[in-house]
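Let the sequences and hints guide you as you build the complete structure.
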Amino acid sequence: MDYIIATHNMKKRDELCRILSPLGINIHLAEELGIELTDADETGTTFEENAFIKAESGCKESGYPCIADDSGLAVDYLDGAPGVYSARYSGGHGNDEENNKKVLRELEGVPFEERGAAFVSAVCVVYPDGRSITVRGECRGRIGYEPIGENGFGYDPLFFAEKYDYKLTTAQLTAEQKDEISHRGMALRLLAEKIGEK
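Mapping of the sequence shown onto the numbering used here: residues 48 to 245, in sequence order.
Calculated from the structure, these hints are not laboratory results.
For each residue, glycine too, the CB sits at the ideal point set by N, CA and C.
Treat each hint with caution, since some may be false.
What the hints assert, rightly or not - Cβ pair distances, simulated, as ranges:
1) Tyr124 <-> Asp176: 42 to 50 Å
2) Met57 <-> Tyr211: 24 to 32 Å
3) Cys64 <-> Asp86: 16 to 24 Å
4) Ile195 <-> Lys58: 17 to 25 Å
5) Gly141 <-> Glu223: 20 to 28 Å
Stated by the list, open to error - Restricting the straight-line Cα-Cα distance to at most 25 Å, the calculated cross-link-like pairs of lysine-lysine (PhoX-like) are:
6) Lys59 <-> Lys149
7) Lys58 <-> Lys210
8) Lys58 <-> Lys241
9) Lys214 <-> Lys148
10) Lys148 <-> Lys59
11) Lys210 <-> Lys59
12) Lys241 <-> Lys59
13) Lys214 <-> Lys107
14) Lys214 <-> Lys149
15) Lys58 <-> Lys149
16) Lys58 <-> Lys148
17) Lys210 <-> Lys107
18) Lys107 <-> Lys59
Set out below in structure tokens:
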């Protein structure tokens, strides 16, 4: 079955394709099918709400089942911030460097043991017949003191994964290692299971 993805983020698209394509799910960007999607207003207060808003809008505009993800970083010490504002935490949208700097400023002086955090991903698919599936994945870790690593995007250079005993940031992992432990990887595998049950 053909699905479209409500994203313009090529790195996120690649991640979705790596995980879902081997399961027989044909993933397309809307523009690959000659469809132009409106950027939906992310007015939700949770990752799940925003994922649904984007997936529902993409499905209505395209007529295809649409998969959307809303994800971000939730830092325990900051009461879950930046949360749904992760991409625009520093003011501008998608400025990874400034977003990372702001998190580091807000955690200044906080010991490593108290810098617990989770990457959270909510993934939703909405079908033309009105059905929807929403799943959530989380990857626990801690925030470091400076950006380390060249892979990934967003807050990856700051995030030391619990799975790797806080020794590697997610920006130091290969794509395969990251998919195995990532919040989005977990959510997409859950989504694949749910799609298989339909």
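Practice item. Quick one: which hint numbers does this structure break? Sort them smallest to largest. Key: 13 and 17
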